[in-house]
Every structure is written in C-alpha cells, then in structure tokens.
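Visitor: Protein chains in written order, with this note's numbering: chain A, 2 to 387; chain B, 3 to 556.
Since the hints were derived computationally from the structure, they do not count as laboratory data. Among the clues, some could well be false.
Stated by the list, open to error - Some chain A residues near chain B, calculated using beta-carbon distances under 8 Å:
(1) ASN151
(2) ASP180
(3) MET182
(4) THR196
(5) SER197
(6) VAL204
All residues carry an ideal CB built from backbone N, CA and C; glycine is no exception.
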Amino acid sequence: MQMTRRNILTCFGLGMAPGWLARAATGGKKTMVVVFLRGAMDGLNVVAPFGDKAYAGHRPNIRVPAPLDLDGFFGLNPALSIFKPLWDIKNFAIIHATGSPDITRSHFDAQDYMESGTPGRKGTRDGWLNRVLTVDKATSPIRAVALGANLPRALRGPQAAVAVNSISSFKVRDDAQGDFMSMYANSKDSVLKSTSQETFEAVKLIESINKQSYSPAAGSLSYPGSKFGQSMQQIARLIKAGAGMEVAFTDITGWDTHINQTPQLNNLLGDLGVGLAAFHEDMGSRMQDIVVVTMSEFGRTARENGNRGTDHGHANCMFVLGGGVKGGQVHGQWPGLAPEQLYENRDLAITTDFRDVLGELTAKHLGNKDLATVFPGYTPKFRGIL
Amino acid sequence: MLRRTVALLVLPALFAANPVGFQRKLSKGARIEHALNRLTFGATDADRAMISQLGVEKWIDLQLHPQPLPENPALLARLAKLDSLPMTAAQIADKYPPPNVLRQLVRSGNFDQIKDPVMRARLERYAERLKEKKDQNAEPNAAVLTPEEAKAFRQATPEERKALLAKLDPAKRDAVLARLPAGRPEIMNGNDLAMRREMIAAQQPNQVVYHDLTDAKMMRAVQSTHQVEEILADFWFNHFNVFYDKGINRLLTSSYERDAIRPHVLGNFKDLLLATSQHPSMLFYLDNWTSMSAEAAQRGRGKKKAQGLNENYARELLELHTMGVDNGYTQKDVTEVARCFTGWSMTAPKMGGGFVFNARNHDRGEKIVLGHRIAAGGGKEDGLRVIDILMEHPSTARFIARKLAQRFVADEPPPALVERMAKSFTKTKGEIAPMLALLFASPEFWSEGAYKAKMKMPFEMVASALRATNARVDSTVALTQQLATLGQPLYKKVEPTGYYATAEEWTNSAALLARMNFAMALTSNKVPGVKVAIAPSEARAKGLALGGPEFQRH
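Throw the hints in and build the complete structure from the sequences for me.
Guide: And the structure:
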C-alpha cells in the first residue's frame with residue numbers, strides 16, 4: 002500500500018509537517034540499495050567464464066558444470082537461474098573483473114577500504130555511502146537506512162543515517178514515548194533537544210509505515226524467510242511508503258568458502274537470488290527509480306584448493322539491478338585466466354575499479370555529481386552501466 | 003586531506019566551549035557530584051560516603067594513586083573465573099581457537115595430534131558443520147542423547163538440567179551443550195558463569211575470549227574501587243585502538259590490553275607508546291609486520307607478503323597516537339617514519355606471538371624525521387629514536403593534553419588549561435598522573451563550564467545506569483549486545499581512530515532511541531542477566547529518569 006501525503010501528514014498533525022516531507026511526498030526521489038556480500042564471493046563460479054579456455058582446468062572439481070549461457074562466453078550459476086528473466090528484460094547487468102586496487106587479501110582491511118571508499122587509507126572517518134548524501138536540511142529522517150542492529154562502516158558519517166533492525170521494533174518501549182518527548186522537548190540541552198526531535202520524527206514515520214498492513218505486489222514471489230530476505234522486504238516497505246529514503250544498505254555473510262564450496266555457494270546464491278527477484282517483482286514499475294548494487298570485498302583464487310574450495314583472491318563481479326540499467330550484458334574488460342594473465346599468477350586481475358561502478362550510480366541515478374567528495378583522490382570512470 | 007575537511011565539518015560551533023562558563027566557579031554544593039561524575043563510571047552511594055569522609059582533594063589523590071585502595075573482592079572473584087584473561091596468544095590458540103585456526107586444523111585433517119577428547123570432538127563437529135553448513139543449534143540432541151534422556155532434558159527445570167548435564171562424561175556433555183536446543187537463554191543470562199563459558203566454548207570456542215574480555219571490562223567499570231584507573235584503561239585502549247575481529251587479533255587482544263595498556267594507564271606515556279608499538283596486536287592491526295624496505299621486497303618478489311613499505315602504522319602513529327593531524331609533519335615524514343619501523347615484526351601467535359626485529363626487512367639507509375637526521379645502519383634503534391623524537395615534540399604534549407582534557411573537562415577544552423597540562427607533560431617527560439592532578443586541581447575543571455558538559459559515551463551510560471540502580475549483573479552477554487545497538491560495540495571499533503569522546507558522535511536518532519529503550523528495559527528487569535531491586539510501581543519513573551536528557555550527561 003502506498004503511503005499518501007495525507008496519511009503521513011496525519012501522523013505529524015496537519016500544518017506541522019517538517020520540511021523534508023513536502024519533498025518526499027512530491028516524489029521523484031530515487032533510491033539506491035547496496036547489498037554487501039561479506040566474506041568474498043567466488044565471482045568465477047557465480048558468473049562463470051566458460052568461454053575462457055583456462056577456466057575448466059583451474060577448477061577440475063568445482064567448476065560450474067552447466068552454466069546458463071548469457072552471451073556465449075559467460076554463464077550464470079544455475080543457482081541464480083531466477084535472475085535469467087531479469088537478464089532477458091535487460092534489468093540486470095553484470096560487471097566482471099571488478100574490485101579494489103588495494104592488494105590486501107584480509108577481509109577486514111578489504112571491507113574497510115570498500116566501505117570507506119578509500120582503498121589503502123585506513124583513517125578515513127566516514128563511509129562512502131554517507132558521503133553520497135548531500136548536505137541538505139530538508140531531508141527525510143529515514144533518508145539513509147541500514148537494516149540491522151548497527152550502522153555499517155559505509156553509512157557512518159556526519160549525515161544522519163539510522164540502523165533499523167525491523168520496522169516493528171523501531172520505537173520507544175513501554176508506551177514511554179510521550180513522556181520522553183516532553184522531557185526532551187523541555188530540556189535546556191539544545192543538542193539533545195534537536196536530536197530528539199529528529200528521533201521522534203523518524204519513530205513516528207516508521208510507526209505509521211508499520212501500522213499499514215503490507216503485502217507484496219499481487220502474485221509476486223515470496224521473500225525468503227532468511228535475514229536477507231526479510232531485510233529486502235523491509236526495504237521494499239520503506240520504499241513503497243514514499244517517505245524519502247535515498248539509500249539503503251544490507252548484507253549477507255558467509256561467502257568465505259575455503260572448504261567444500263559448492264553446496265555453500267548454492268545456498269547463498271539461492272538466498273540472494275530469491276531475495277532480489279522477489280524485491281524486483283514486488284517493486285514492479287518502481288524499479289525505474291531504484292538501483293540495487295551488490296559488492297564483495299575481493300574475489301577468490303582462480304584455481305581451486307585442495308579442499309574443493311577457493312582461497313582469498315583479487316577481482317570479483319558486481320551486479321546492478323534496476324529499470325534504468327543497461328542490462329542483459331556483462332560490462333567490463335575480461336583480463337583472462339591464463340597463468341600469465343592472472344594477478345600474481347593466482348587471481349583474476351582487476352580491470353574495473355569498484356568506484357567506477359558506484360560512482361556512476363551515484364552520479365547518474367542519485368544525481369550527486371560531486372564524486373570528488375564521495376571518492377576522494379579518485380576519479381571514477383563511467384562504464385555505461387546506466 | 004579528507005580527514006581534515008571532515009574534522010572541520012563535525013566540530014561545529016554547536017559544541018564550542020563557553021569561555022565564560024569556565025571562569026564561573028562551580029558552587030560548593032555541586033563539587034562532590036561533579037567529581038563523581040567525571041572520575042567514576044557514575045556515582046554510587048558508597049562513593050558518596052567515601053568522598054564525604056575523605057574530602058574531595060584526598061579522594062581524587064587516592065584515585066590517581068590507587069595502590070593502597072583495596073580492590074572490590076567480588077570483582078576479583080569474578081575476574082579469577084575468566085581463565086582466558088591471563089593467557090598468552092599461544093594458549094588461546096590451543097584452548098579457544100578462532101574459526102581460522104579451526105579451519106586450518108580441519109584442512110590438515112589430522113585430529114589425532116589433539117589429545118584432549120573434548121577438543122577433538124569440537125573439531126569434528128566443526129568439520130561437519132563446514133561440510134554441511136547446518137545450523138548446529140537446530141540439530142537434535144538425538145545424536146548424543148537417548149530419546150528418554152532428550153525428553154527428560156527438554157522437560158527439566160533449569161536446576162534439573164544442570165544436574166543432568168553434570169552426570170554426563172565431558173565429551174558428551176560438550177556435545178549436548180554445543181547443540182543445546184533448550185535452556186540456552188537461561189545459561190547465557192544465568193548466574194552460572196562456569197556453565198555459560200562451557201557452553202560458549204562448546205559452540206564457538208573463541209567467543210569465550212571475547213566473552214571474558216567484555217565481561218571483565220563491564221564488571222570492572224561497575225565494581226572496581228579504582229575508578230579513574232578503569233576510565234583510563236578504557237581511554238588508552240581507545241587511544242591506541244585495535245580491532246578484535248581482525249584475524250589473529252582474536253588471539254592477541256587479551257594480551258594487548260593486559261600487557262601493553264593496563265600497566266601504564268597512570269604511568270608514563272612513553273611506556274604506552276613503546277608497549278603498543280611493539281605489541282603484535284598493533285603490529286598486525288596496522289600492518290607494520292609486513293612492512294619492508296624496497297630492497298627486501300625486491301629480494302622476496304613473488305613471495306606472499308613481499309610487498310614493500312607499508313605506511314599504515316607510521317601514519318596513525320603520528321596522526322592518532324602522538325602529534326595529531328596537521329600538527330607539523332608532512333607526508334615525507336610519514337614515509338621516513340615508516341622506513342624507520344621496517345623490520346619491526348612479530349612471530350606467529352602459535353610460536354608465542356612476540357615482537358621480533360627482522361633485520362633483513364629493515365631499510366638500512368639514512369632517514370630524516372621531523373628535521374632530525376637518523377644515521378644509516380641504526381637497525382632496530384631507528385624506531386626507538388622515532389619514539390624519542392615524538393616524545394619530545396611539543397605537538398605530542400599538546401595533543402595528549404588536549405585529548406585528556408576533552409575526556410575530563412569539555413568537548414572544547416579551554417586552551418589555557420591544555421597549555422599548562424602540555425607543559426607538565428614536557429617537564430615530566432610524559433608522566434600521566436601529574437598531568438591529571440593538574441587538571442583536577444584547575445579552576446577550569448571546577449567551573450560551571452565543565453559541570454555536566456560531557457555527553458556520556460554508551461559504555462559510560464550503561465555502566466552508570468547499572469551503578470545508579472545498584473544492579474546485580476549475573477551475565478554481561480545481553481549488555482554487550484546492547485552496547486553494540488547503542489553504537490559502541492566493545493573491542494570492535496574497526497577504525498584506528500577509536501571512539502570519539504565528543505557529543506556529536508553519540509547524538510543520532512537510532513542511538514538516542516536505544517538509550518531510552520535500554521533505560522526502560524533495565525528498570526523493569528527486562529535486560530537479560532541483570533536484576534535491579536526496583537518496585538514495579540517505580541520502574542517507569544526510574545526508567546524515564548535514566549533515559550531522559552539529564553542522565554545522558556555527566
């Protein structure tokens with residue numbers, strides 16, 4: 002159910018609507034959803050380069066035996082077959098051989114660099130997704146939302162962003178809200194007073210969204226019961242409420258498949274695939290105003306290891322979903338898997354910096370052209386994804 | 003560059019000092035409250051009694067030199083049960099291995115070398131889990147218990163369950179605890195610390211180490227009689243931050259806090275600097291252990307880790323640990339400092355995880371650091387020389403003085419006070435206690451401008467709420483999770499900056515909401531593992547007080 006301007010106004014009391022509301026309710030706001038695949042996804046078995054002669058040889062036991070042919074060279078892991086219709090209607094684009102130029106193979110460092118948006122630089126205080134938010138007083142209290150208990154590194158920074166575990170629990174317990182509101186409103190503490198105003202605005206807004214019964218678009222796929230599936234459903238609710246959410250962040254952990262990779266990867270791809278496909282169906286025509294992007298800290302070794310798994314590598318692939326996406330193609334330049342083409346004779350080399358993808362989405366989809374602020378020290382090159 | 007811009011953005015005039023306030027003397031009646039606010043994790047009745055009896059000055063002096071003050075026996079008894087606290091990295095790797103160590107053992111496939119049957123069973127379970135990726139908690143007990151035993155276990159009261167567990171042989175008991183379908187919350191939040199640790203060990207061995215660290219930190223804040231010492235343990239760990247979940251820091255963090263931080267919190271800053279610079283936890287966290295001269299990198303080309311100079315530690319040493327950003331060093335200095343520290347490395351944690359100087363990786367050339375010439379061939383001494391240069395630099399004195407004043411006086415501390423403290427630092431060559439004594443005797447500290455000027459960090463807020471309600475803390479597991487929700491997961495600040503002590507860091511919507519909810523939950527006994535003696539009829543009013551604006555400041 003779409004939240005109308007009127008029922009948002011009702012929850013604030015007519016005539017007292019905050020400034021952001023007018024903008025949010027007039028529509029036109031676009032949303033970017035970022036999905037971080039923590040643990041380093043094995044991109045070579047997710048979008049398998051079966052056309053590369055070296056692929057099968059590197060992976061005698063774990064190669065994808067029958068990938069779904071995308072373009073005669075790359076094939077999708079069948080565990081993601083649910084994406085094939087999205088590919089066919091060109092709502093789904095792949096960028097292969099992407100990643101961070103920093104050489105680290107530490108999960109911690111690589112995630113940190115990707116989320117700060119400054120590879121090689123540890124002390125960066127805020128995250129790239131926070132810097133995507135422009136300085137603007139008239140913004141929604143839920144302009145930036147992370148699903149989960151804590152704000153991820155990518156969203157931390159000076160612009161207000163909220164971590165929402167679930168829509169139904171984002172409130173003051175035990176009916177104490179009214180009392181707290183007046184205590185804070187009457188406080189002489191100007192800092193706490195103004196923050197609490199924002200807090201209660203966000204609470205009321207999310208409460209009013211929660212009150213409306215929600216069912217995904219008729220006939221659409223059900224969201225998985227997993228944490229990720231539920232997060233995507235919450236994101237869908239917030240988007241449908243039309244309350245001015247600009248960026249949303251969620252993640253899936255467990256991609257670190259060193260041992261016996263295939264069943265684990267199948268499970269993870271099942272969760273990711275159904276979650277995103279359900280979201281796509283649920284959003285329907287709204288997908289024109291939405292892009293979803295997936296990222297992972299690095300890829301995995303080109304060769305399988307002795308435990309039918311793969312170890313920490315370098316380049317990976319990213320997905321971009323959305324109505325405005327130049328989908329149905331694998332973007333980027335393929336560096337090849339022959340030993341001399343591999344990075345350090347072990348990993349897929351990087352030909353597209355992850356900031357090229359994120360920068361293009363930021364500028365073209367969200368309209369924030371100030372990429373020098375979002376990615377300091379780097380000039381993203383647009384790859385024609387949008 | 004970026005950081006400079008951000009720093010300017012987030013230090014707005016909103017929180018600017020009120021110079022008039024620092025000149026207005028605090029009323030006599032407020033002095034005790036003010037001292038207790040700033041020098042403890044929240045006032046208790048016992049503190050009030052003691053400070054009234056001793057007088058404010060004597061009490062402060064005792065807190066700065068706390069050796070004669072007997073430690074709380076209840077706290078000592080609790081800490082004694084946390085057996086990972088005194089362990090070395092190698093001992094932790096043996097007894098409480100983190101996932102990567104488990105994985106290596108599983109890969110080697112050779113469990114026969116493991117003598118302890120409980121540990122061997124754990125490894126086998128872990129190997130199983132890796133293969134099947136099943137949720138262990140969902141697995142039935144049927145695999146280890148007979149149907150009758152499983153039924154009896156399910157239907158038992160907590161006490162009976164304990165008795166049933168006690169009867170099992172150790173490996174079987176471990177297997178049951180690992181799959182525990184019933185009774186998990188009651189053990190996680192109950193008052194049987196040994197059982198809780200046993201259950202965590204059966205499920206995720208290394209989590210015991212994290213449990214012990216967080217339990218100790220929380221209980222020390224709540225119960226220690228050495229309150230200033232505990233505040234400073236938190237302060238200096240945060241100043242020299244390391245991140246628990248970065249790889250082998252799961253083996254090293256316990257020793258880092260115990261050996262590099264805690265012995266020096268009221269001692270000399272140079273000892274802190276030296277101890278942290280050579281501790282493997284820091285060497286690993288900021289990558290210095292991989293740093294080598296260009297020549298050494300050339301020699302080792304093709305080998306893993308042969309990457310050359312790594313500036314991470316050098317940069318944070320200057321920017322965060324000593325001089326502060328934009329206080330008189332250049333990128334060239336960062337590189338030169340990094341060259342000085344090449345070869346400062348560590349042995350593998352299994353081999354003891356100690357500091358080692360690896361001469362082969364050291365850059366033997368001449369360096370110029372902040373105008374000081376460091377002659378070629380200095381070896382390990384180069385790094386030590388850098389520490390001396392930094393100790394003598396006026397920027398370090400000022401930066402450390404200001405950071406302490408920011409914790410104990412106000413977000414924008416009065417510059418004159420900072421200047422006097424910096425002079426004390428220089429004169430005493432880095433003594434911490436005299437600097438603080440000066441601060442606590444200063445008119446700026448005893449001013450209206452300082453009174454209730456500080457926003458509590460979440461850890462301070464939670465600890466002070468527990469102290470204010472005289473809570474009985476059986477388990478800190480739920481409290482630790484609460485702190486993550488409040489925005490301050492313990493030992494898990496990813497960035498080397500540590501947590502910021504200033505108000506703007508802690509005033510955002512979700513965090514403020516979480517504070518209100520924590521207060522309501524605490525006073526109505528809904529925080530698992532924590533009990534307060536508050537009548538239900540008073541719970542709400544008390545919760546509003548602890549979640550209200552007044553209580554967020556100290």
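Visitor: Next step is simple, just say for each hint if it's right about the structure.
Guide: Right, here's what the structure says about each hint:
no.	hint	verdict
1	ASN151	holds, 6 Å
2	ASP180	holds, 5 Å
3	MET182	violated, 10 Å
4	THR196	holds, 4 Å
5	SER197	holds, 6 Å
6	VAL204	holds, 7 Å
Of the numbered hints stated above, the single one contradicted by the structure is hint 3.
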